[in-house]
Amino acid sequence: AQTVTQSQPEMSVQEAETVTLSCTYDTSESDYYLFWYKQPPSRQMILVIRQEAYKQQNATENRFSVNFQKAAKSFSLKISDSQLGDAAMYFCAYRSADSGGGADGLTFGKGTHLIIQP
Amino acid sequence: KAGVTQTPRYLIKTRGQQVTLSCSPISGHRSVSWYQQTPGQGLQFLFEYFSETQRNKGNFPGRFSGRQFSNSRSEMNVSTLELGDSALYLCASRELRHYEQYFGPGTRLTVT
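Residue numbers (the numbering used here), protein chains in the order written: chain Y, 1 to 118; chain F, 1 to 112.
Hints are computed from structural coordinates only; laboratory data are not their basis. Each hint should be verified, as a subset may be incorrect.
Straight-line Cα separation of at most 27 Å, BS3-like style, residue types lysine-lysine; simulated pairs [unchecked claim]:
# : chain 1 : residue 1 : chain 2 : residue 2
1 : F       : Lys13     : Y       : Lys73
2 : Y       : Lys55     : Y       : Lys78
3 : F       : Lys57     : Y       : Lys110
4 : Y       : Lys55     : Y       : Lys70
5 : Y       : Lys73     : Y       : Lys110
6 : F       : Lys57     : F       : Lys13
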């Protein structure tokens, strides 16, 4: 079974600065997808960014980018120019790309609580 | 497009009762997945449906069941409720050709 580990329960950053959230995962599969989701106090899970394992290029979405290191099984999220609205729980998630998506759906890490200091 | 909708948003039930939660996916999304979120266990996958068939199932007892209708709407049912079933239940939908899932606002279930 796949596991996803987020080693930082909480991170704090000054507004307008850059912060990196860490995520490592364990899998024996070669083809999979990785995601970062954001869950603000409203509890609505919002997709931030996705990465296909077969793509070497790191995904970028505006101020959000990832550092995907497949050999190291590492998938960190960098948030540039942090804004107050970025404050939320951030979850790293894994999904197998095999037929049917695997038995486990999305496997989530425990989350990192990101605090933005004004 | 309208997002994923879930009803009801809040629910209070008593131990031993059963409950049905509903989820309407984004238009055009044929896959619906359900997740349970608790402070202790975090986010856990319950099951996924598409084409009205359960495709994948997480490690939950048989008290947790679901179904999907021809319009892709889905319901999940929990029978013989236990205190530990208190959680936020999240529904997510996706297009079959993509793997990213889009979540609804959740149903907060409290079992007393």
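Okay, the hints, checked on the actual structure:
In summary, the hint linking lysine 13 of chain F to lysine 73 of chain Y is not supported, as the alpha carbons are separated by about 42 Å, beyond the 27 Å threshold. Restraint check for lysine 55 of chain Y and lysine 78 of chain Y: the C-alpha separation of about 18 Å stays at or below 27 Å, so the hint holds. Restraint check for lysine 57 of chain F and lysine 110 of chain Y: satisfied, since their Cα atoms lie roughly 20 Å apart, inside the 27 Å limit. Of the supplied pair hints, the one linking lysine 55 of chain Y and lysine 70 of chain Y holds, its CA atoms being roughly 10 Å apart against a limit of 27 Å.
Proposed proximity of lysine 73 of chain Y and lysine 110 of chain Y is supported: the alpha carbons are some 17 Å apart, at most 27 Å. Proximity of lysine 57 of chain F to lysine 13 of chain F is assessed by CA-CA distance (about 25 Å); at most 27 Å being required, the pair is judged to hold.
Going down the numbered hints, you'll see the structure goes against just number 1.
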